[in-house]
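**Q** Line order of the protein sequences matches chains A and B. So the first sequence is numbered by this note's numbering: it starts at 343 and just counts up by one. So the second sequence is numbered by this note's numbering: it starts at 13 and just counts up by one.
Just so you know, not all the hints are guaranteed correct.
[To be verified] If you anchor each label on the Cβ, the simulated ranges turn out as follows:
(1) A:A474 to B:Q87: 35 to 43 angstroms
(2) B:Q329 to A:Q514: 26 to 34 angstroms
(3) A:A497 to B:R427: 51 to 59 angstroms
(4) A:A474 to B:R427: 39 to 47 angstroms
(5) A:A497 to B:N250: 31 to 39 angstroms
(6) A:P459 to B:G323: 43 to 51 angstroms
(7) B:S149 to A:A474: 35 to 43 angstroms
(8) A:A497 to B:G432: 25 to 33 angstroms
(9) A:Q514 to B:P291: 55 to 63 angstroms
(10) A:P459 to B:A287: 50 to 58 angstroms
[As the list claims (entries may be wrong)] Covered stretches of chain B (chain A as the covering partner; in silico rule of three or more C-beta atoms under 8 angstroms from a C-beta of chain A):
(11) 51-62
(12) 174-188
(13) 281-295
In case anyone wonders, no lab produced these hints; they're calculated from the structure. Where is the CB? At the ideal position from N, CA and C, for every residue including glycine.
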Amino acid sequence: MTNPVGQIAGIYSAYQGLKDADSLETYGSKIRSELDVMGDNLNKGSAFKGYGVTSNLGNTTVGVDGSVNLGVGQNQGMMNASNAYMNAGQNFMNQSMQSTAGREQSIYDRSMAMQNPQLNRAQAAQQAREYAMGRGGVRGSQFGGTAEDAAMARARAEASNTASFGAMQQAQQEQMQQANIANMYNTAGQANYQTSFLPMQQQMALMQQAQHGVDASQTGQLTGLQYMAQLGLGGAQVDVNARKAASELKGNIYDSILDNTKSIFDLF
Amino acid sequence: MASQLRQLSVRSPGSEGLSSEISPFQSSTEFALRADNAVIDRVGRLACREAFADLITQYDGGNANYDVVRLCQIQGEDAIQNVGLAEFGLSEFSTAEYSGFGLDNGIKVDQTFGLMGEGTPFTRNKVSRGAMSDEISSVSDVQHTSYVGFYQEGNVLKTIDAIRPKHGLTNCKILTFNRDCYVFSKGEEVMVWDGTEARKLSETEGYSPPKAETIIAPIIDGDIACAAYGRLWVSGVNGDYQTVYFSDMLLGHQWYDGSQELDDWGNTAGIIDVAEFWPDGEDTITGIAAHNNFLIIFGRKSILIYSGAQGDPAGEQGIKLEDTIKDVGLVNQDAMCNIGTDHLFVDSLGVRSLGRVIQEKSAPISEPSMNVASLIRPLIATYSRNVRLIHMPAKSLVICLFPAMREAYVFQLGRPSATGGLRATRWTGCDFFDSITVRTELDEKTVLGGRDSRGLCVYGGFKQPTDYPFRYESTVLAGTDTLMQTMIPKSTSYSFHAAKTPSVFNATWGFGADMEYSRPLRNPKGKSEFKTVTTSLNGTGEMLRIGFDSMIEGTEMSMQQITLNILLGRIIV
């Protein structure tokens with residue numbers, strides 16, 4: 343037989359149970375809304391704030407979007423020097439790439455111009471000796487003139503040959519020297535060019551230095567947010583758990599009531 | 013009271029030769045004022061010269077009137093048997109003479125080559141210096157209209173038609189070089205006779221004219237030439253008498269090559285320009301000679317003496333001017349000769365000795381012709397273009413020949429006279445222009461280039477086609493210390509050496525310049541070759557001179573001594 347009180351108690355209990363469930367559902371929605379807000383706040387709070395470095399070289403900033411404005415360029419002086427060196431190097435390189443013929447002739451001419459007075463003096467002395475010996479008017483098939491004339495001509499030819507080969511070697515050495523100088527200037531230009539980046543590197547090094555602070559700052563920021571999220575979530579969880587426990591307690595109480603009611607009625 | 017007869021003795025009359033330089037007041041009877049056709053014989057006596065005897069008289073040329081104007085010889089290669097010896101004037105050498113002396117196949121004789129002057133005869137007067145005065149005589153010469161080369165073949169002189177130079181008597185030179193005879197004639201290309209054929213020098217295979225980058229002289233046309241030290245040395249090429257061209261060694265056809273690429277890389281020919289080296293500022297080359305390892309370049313008034321002409325003259329240690337001499341020169345290139353130990357040449361002052369000139373530099377204190385200086389100088393001045401100096405080595409004589417005069421002053425080599433000059437005599441009737449010594453393996457023949465169509469003559473023997481005079485005149489004889497004292501010659505005796513007394517043999521004497529007295533010398537005493545003839549003398553005067561006048565008719569004659577008996581007269585005051 344049916345116990346109406348039990349049934350009423352049951353119905354009430356169900357009613358109270360549904361009512362609590364609704365209350366929990368509503369509360370869940372509320373928590374979710376609050377978590378959304380908190381998530382939104384955390385999102386906003388954890389966003390990159392950007393940072394900057396200020397030095398004598400310039401001001402460097404890192405934007406919130408990660409863009410970097412170094413604020414420091416190549417050293418213009420170094421660049422100018424580099425350009426000058428490079429231009430000079432180019433000139434020397436151009437010169438080193440020219441034909442050496444003209445320079446050889448020039449060196450030969452200078453060499454012979456230096457030697458000619460001595461050769462002329464030697465020839466004059468030789469001719470004087472020849473004249474003194476009465477050989478001034480002698481010409482032989484083997485030598486064109488005398489053996490002394492031939493020797494003098496040979497000396498001149500040898501001087502000319504030596505000057506010629508010397509001029510060739512000298513011109514080649516000069517060409518090599520120009521190439522070396524070109525290389526040296528180019529190296530210097532390159533070094534200067536590289537050096538012109540030094541302020542940037544230094545600024546970037548400063549940026550690297552600043553990176554640690556930024557990281558620490560962000561870590562703190564994120565840690566705070568994490569704490570805040572954990573605390574928010576934890577609070578919500580605790581609240582949910584409390585509500586759940588309360589609900590479960592209520593349910594248990596209702597169950598107990600029902601159970602007890604049933605037993606009473608059963609006594610009947 | 014009559015003065016006492018005095019005897020004057022002239023021993024070895026004229027043994028020191030002619031002298032025109034001693035004072036007439038100085039009694040030097042060893043000198044002579046005339047010594048015609050004389051030489052000093054081996055014992056120092058005045059003797060007659062040898063004859064200009066015929067040797068080769070046949071000539072195959074068309075012109076009957078010719079003179080042999082130049083001679084040279086090529087060393088003989090082929091031995092000649094006795095059959096040909098007579099044609100060389102060697103008939104005295106029979107087979108028996110040379111057989112057994114390594115000459116069984118005959119003897120080698122130099123081949124004679126020369127130039128003849130052909131033309132037409134003409135007669136002219138000539139003036140010659142006598143002992144004390146000029147003598148004028150008529151002479152017939154051949155006026156040369158052309159010259160032609162010839163050579164001796166057997167006993168005939170054969171013409172070489174390919175050799176017809178424009179010049180022959182002067183402006184010409186022929187010489188032997190490397191077995192070829194070269195004919196140099198002014199302004200004409202050199203002609204060459206190789207003993208068989210004649211050619212122009214440029215026709216020689218491999219002929220190379222003087223050239224630098226271009227031809228300097230297409231032909232060698234100089235006339236001053238010398239062959240020495242293995243080369244030809246020539247001046248006058250292109251009419252340039254300041255330059256000497258010398259040929260390559262032993263190659264007379266290869267000359268200076270100054271081009272870059274030599275035709276012959278062994279060519280050592282060359283050129284010497286002497287214009288800058290005349291000690292007197294300027295001169296003209298008149299002759300080139302070689303002596304004592306020197307090359308001597310004569311100018312008209314200066315001499316250049318080069319050493320180092322051997323080897324390559326232009327090479328190191330080559331030719332160089334060793335010495336220059338001023339105011340002594342050479343009148344023409346024919347007026348010099350080498351006597352082995354010295355080189356004699358004719359300067360305007362007489363015959364000079366290069367040895368002396370080299371030794372004493374430019375101030376020679378004497379010359380070989382100093383004893384006849386005043387005789388020879390006017391002749392040299394007059395006949396400087398054609399005076400010739402000829403050495404007769406086989407006779408040890410040097411002949412200073414004046415062809416235009418047909419006379420020569422002859423210098424005896426060997427011991428000089430007391431004055432330092434060579435002993436000199438005079439030759440007349442010199443019917444030759446030139447002389448060479450033809451050497452054989454048996455004998456040396458002094459061959460003469462005969463004039464008046466005589467062909468080749470030989471200096472030897474004492475037989476000429478016409479007899480020739482042998483004359484002597486003494487210097488002034490001093491009877492006492494007082495020169496200007498009248499002398500009255502009474503008699504004289506001549507002691508002479510002759511196989512046969514000449515048919516013409518006269519004592520001559522006089523006072524001062526004139527030898528106005530003459531008397532035949534007859535009936536010599538003496539059975540040997542030494543004979544004495546005597547004759548009486550007459551006349552009176554101061555400055556007595558004695559002499560003789562003889563004709564050489566085929567036998568030798570030399571004068572040993574002349575003795576005079578005189579009386580002294582009054583002293584001129």
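**Q** Okay, A497 of chain A versus G432 of chain B on CB: inside 25 to 33 angstroms?
**A** violated (52 angstroms)
**Q** CB of S149 of chain B to CB of A474 of chain A, is that within 35 to 43 angstroms?
**A** violated (55 angstroms)
**Q** For P459 of chain A and A287 of chain B, compare the CB-CB distance with the range 50 to 58 angstroms and indicate the outcome.
**A** violated (29 angstroms)
**Q** Does the beta carbon distance between Q329 of chain B and Q514 of chain A stay inside 26 to 34 angstroms, or does it fall outside?
**A** violated (43 angstroms)
**Q** Lying within 51 to 59 angstroms: is that true of the beta-carbon distance A497 of chain A to R427 of chain B?
**A** At 56 angstroms between Cβs, range holds.
**Q** Determine whether the Cβ-Cβ distance between A497 of chain A and N250 of chain B falls within the hinted range of 31 to 39 angstroms.
**A** holds (33 angstroms)
**Q** Are Q514 of chain A and P291 of chain B spaced within 55 to 63 angstroms by their CB atoms?
**A** holds (56 angstroms)
**Q** Do A474 of chain A and R427 of chain B keep their Cβ atoms within the hinted range of 39 to 47 angstroms?
**A** Given range 39 to 47 angstroms: holds, Cβ gap about 41 angstroms.
**Q** Range hint 43 to 51 angstroms: satisfied by the CB atoms of P459 of chain A and G323 of chain B?
**A** About 35 angstroms separates the Cβ atoms of P459 of chain A and G323 of chain B, which means 43 to 51 angstroms is violated.
**Q** With a Cβ-Cβ cutoff of 8 angstroms, does the stretch 51-62 of chain B contain at least three residues near chain A?
**A** Since three or more residues must qualify, the claim that chain A covers the stretch 51-62 of chain B is violated, with 0 doing so at under 8 angstroms.
**Q** Using the Cβ atoms, figure out if A474 of chain A sits within 35 to 43 angstroms of Q87 of chain B.
**A** Cβ of A474 of chain A to Cβ of Q87 of chain B: about 40 angstroms, so the range 35 to 43 angstroms holds.
**Q** Is the listed coverage of the stretch 281-295 of chain B by chain A valid when you require three or more residues with a beta carbon under 8 angstroms from a beta carbon of that chain?
**A** holds (count 9)
When each numbered hint is compared with the structure, violations occur for hints 2, 6, 7, 8, 10, 11, 12.
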